[in-house]
Amino acid sequence: MRLLLAALLLGASPALADWSDTLAEARGQTVYWHAWGGDPRTNDFIAWASTQTEARYGVTIEQVKLTDTAEAVARVLAEQAAGQDTGGAVDLIWINGPNFLAMKEAGLLHGPFVADLPNARFVDLGPDAPASVDFTVPVEGYESPWRLAKFVFAHDAARAPEVPATMAGFVDWAAAHPGRMTHPNPANFMGASFLKQALVELAPDPAVLAQPVTDAAFAAQTAPLWAWYDALRPNLWRQGTAFPENESVQAQLLADGEVDVAMFFDPAAPAALIEQGILPDTVRVFTPEAGSIGNISFVAIPFNAAHRAGAEVVADFLLDPATQAHMQDVTVLGSYSVLDPARLDADAQALFDALPSAPALPALADLGPTLPEPHASWMTRLTAEWAARTAP
Amino acid sequence: MGGAHRAVTGLRVALLLLIGAPVGLGAGLTALAALGWQPGLGGDLSLAGFAQALALPGIGRSLWLTLLTGLGATLIALALSVPLSGWLIGRAGAARVLAPLLAVPHAALALGLAFLLAPSGWIARLLAMPLGWSVPPAWPLPGDPWGGALIVGLVLKEVPFLLLVTLAAAAPRDIAAEMAVGRSLGYAPGRVWARLIWPQLYPALRLPLFITLSFALSVVDMALILGPSHPPTLVVQILRLLMAPDLALRVPASALALVLLGLIAGVVALWIGAERGVASLGRHMVRAGRRGRAWPGCAAAGAALGAGLPLLALAGLALWSVAGRWTFPQLWPEGPSLARWGRVDWSVLGTTLGLGVVVTALALALAVAVLEAEDRARRPLRIGALIVLPLLLPQIGFLQGLTSGFLVLGLPPGPGAVIWAELLFVFPYVLLALAGPWRALDPAHLRAAAGLGAGPWRVLGRIKLPLLQRPLMAAAAIGFAVSAAQYLAVLLPGAGRVAVLATEAVTLSSGADRRLAAVYGLLLALLPLLGFAAALVVPDWQARDRRGAGDGA
Chain D
1 MRLLLAALLL GASPALADWS DTLAEARGQT VYWHAWGGDP RTNDFIAWAS TQTEARYGVT
61 IEQVKLTDTA EAVARVLAEQ AAGQDTGGAV DLIWINGPNF LAMKEAGLLH GPFVADLPNA
121 RFVDLGPDAP ASVDFTVPVE GYESPWRLAK FVFAHDAARA PEVPATMAGF VDWAAAHPGR
181 MTHPNPANFM GASFLKQALV ELAPDPAVLA QPVTDAAFAA QTAPLWAWYD ALRPNLWRQG
241 TAFPENESVQ AQLLADGEVD VAMFFDPAAP AALIEQGILP DTVRVFTPEA GSIGNISFVA
301 IPFNAAHRAG AEVVADFLLD PATQAHMQDV TVLGSYSVLD PARLDADAQA LFDALPSAPA
361 LPALADLGPT LPEPHASWMT RLTAEWAART AP
Chain L
393 MGGAHRAVTG LRVALLLLIG APVGLGAGLT ALAALGWQPG LGGDLSLAGF AQALALPGIG
453 RSLWLTLLTG LGATLIALAL SVPLSGWLIG RAGAARVLAP LLAVPHAALA LGLAFLLAPS
513 GWIARLLAMP LGWSVPPAWP LPGDPWGGAL IVGLVLKEVP FLLLVTLAAA APRDIAAEMA
573 VGRSLGYAPG RVWARLIWPQ LYPALRLPLF ITLSFALSVV DMALILGPSH PPTLVVQILR
633 LLMAPDLALR VPASALALVL LGLIAGVVAL WIGAERGVAS LGRHMVRAGR RGRAWPGCAA
693 AGAALGAGLP LLALAGLALW SVAGRWTFPQ LWPEGPSLAR WGRVDWSVLG TTLGLGVVVT
753 ALALALAVAV LEAEDRARRP LRIGALIVLP LLLPQIGFLQ GLTSGFLVLG LPPGPGAVIW
813 AELLFVFPYV LLALAGPWRA LDPAHLRAAA GLGAGPWRVL GRIKLPLLQR PLMAAAAIGF
873 AVSAAQYLAV LLPGAGRVAV LATEAVTLSS GADRRLAAVY GLLLALLPLL GFAAALVVPD
933 WQARDRRGAG DGA
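If you're matching them up, the sequences are chains D and L in order.
Each residue of the first sequence is one higher than the one before, counting from 1 in the numbering used here.
Each residue of the second sequence is one higher than the one before, counting from 393 in the numbering used here.
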């Protein structure tokens, strides 16, 4: 009788019925989540998520630690090329920006699936909402948000108390502190973000950046950027002849005292690194006065994922308010929630209110406005142009 | 006799399929990819990939850096190995020290060395106090644009290898007598070694030298940690292209792999050409007849540095693995803290161990089969080229092609593909390590056993293998160490699904947590050492056991 009632209720809501099918199918699956493995706390968080999804849904997560997300994209491309349309090695990818664009354009993604996730009701999925646009590319349900990213700088306030208020100001700052500043190699996402942050501030007409790049637009909009960079580069770490591989290596340089500035795409990262004893506790966060670029990190499911149902369950688990609050805890991950506070009930809100604070943890309001990312095609051009300009 | 011949033929075919075919398939697919054709994707054959590859920013400097680091490291290592081997030759147990030194995987040594050489490393901290530094010096290590740190790392790994092969080549000769003759002619001992004895050993060193050269020109893990980055060496550039999301970039990547192959072939050809010049110069110097002076301290100092630097690097890893906060210029960290050891994913250690055991067991079984088949057929199997090929070719020149070939053949990336790929590199070393002792077995024992009516299987099981227990264990330890050190052979055929200590250590070397990287680096360094310790201890322990049983009887 109760079963019948349940069946009737489920029948009344096809989406929910589908979801219970997904849950049933997912039970017992192992989801191979390809995620950048350079941050041990993220790795720990994913391991924690696995214990949670296993207890709740019988789904275990196996993190495939990447040095670069492109590795996972290449893997799926290779499988597609070899005609492997099912049983693919990659179930879930931590992805955004150009990698998402590349996969979406090549038809390598499963979806749209986001709206079917029960916890998507806590996310603002309106057409202009941050979770609906990834580097100006419409998400269209092909990737599910999981953590918020906003470009910030960090400095050691004990060694270098003064910081520039604008990107342009870094030229004078570096001249006054030669060798004490650098940025990750723009072949890496973080290094490219540094150039984009400067481009957004220095471009004569930032509105053009939202459009796909053209030769003419690129020449016009990036001219001030390269003039700025040419003035900055001689005073960079190692005279701008070598660059840290990614932001983690640069954080290590800051910890070692080799440089005074680091940059992150996670405002809570410095507080988290202080907490772990990696950065000195005198490190503080700052952003340019005009604001900084920001975006959301997503998870996507390849078209040929062997464990698609399990991957959807994991994507849904990541949007659970309890998960998001756990993630925002600075002692855990310290990533800001992607959920819309207006959509949370009192219990969910209380989870966030109870989180601990830290001196190096900025309030979201202190970080200034979030500037839109340029269209993903700009990043590719910026990276290539930078490589050509700086090749010895 | 006919059965033995059939067995030999079967074994040759099996080895061809197991070792030769994957290398050929991988190299062939890489060459096709360089010309624009990839399995599944198709494509028109053209040379556009080469044009694209050679138009990459900084590619000229990449080529130059590859040459500089690969050739430079090998020349320096060779130059150091001559006096050092002369110094070691009379010293008992030298090989026992060298083997563990050789066993430390490149990635672990590179990590330790990077920590040591960095502006905030131990060396700089030692100098900071007397020089009054409050921030780290601005020296560009590791990753200096000239490849210096990479050369140091390569030299530290190559010298023990060259020393071991030199000692092995010298083993059959009566070196003490030759030295006595040389010294009676008034030569300083170092000169007798370097000008009279060593040149006679050189023919046996050529192949190991070419393997060393090829390795140094195509090393990946060490170049990722110690090498220059902007631009990097050729092989790192190839890896970056292979890992890029755009599959079309596999074409220039494969083209560069062929360029690298050409570079290696060119360097080897140059080397062979230079041999004549050096030889005639050497003869001229011998004829000139200068006797030289003894420099007893130099070789000892060199040996101390060569063994001391890796030990210091490993000590640094050990310290970082338990370090709390460690700000510059403090000489010692706060702590100790075991927090990072609590964060170790022990399944990675298990995977490394498991792969090593399986691959080593397969390689040992194959090696025993080859040597036994040679005994029974009473002729060599002539598989030299097959064995040496995977060691002479740059790994990046065929492993990517092999991975896509495996995929097409229905072997998906994963542990199976990794085991097969690792076997290509483990088997040659195991066979080479076992062949000498096997062929040196006293035939009288075997004839006596056969005379007592024992069949070939009984001779193998009851006489040969027990007599060869020590060499078998030593070969297993070498095989295990080679397996644990594999990076590219796990990364590419494993497609990220197979995590071992080497891949984790390299990944973490580009993370923010040096302590966790140190933990994995240390585990990576210790695992093969434990293998060598076991190879030394187990036969002793078993021998004691057997003696005990004999006493009781």
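Simulated from the structure, these hints should not be mistaken for laboratory data.
There may be inaccurate statements among the hints.
To be verified - Stretch-level coverage of chain L by chain D, calculated; a stretch enters the list once three of its residues show a Cβ under 8 Å from a Cβ in chain D: (1) 449–463; (2) 611–623; (3) 832–843.
What you are looking at is a predicted structure, and each value in this text was computed from that prediction instead of being measured.
We treat Cβ as the ideally placed atom computed from N, Cα and C, and that holds for glycine.
So, going through the hints one by one against the coordinates:
1. 449–463: Per the Cβ count (3), the hint holds.
2. 611–623: This one holds; 4 residues, not fewer than the three required, reach chain D with a Cβ under 8 Å.
3. 832–843: Since 0 is below three, the answer is violated.
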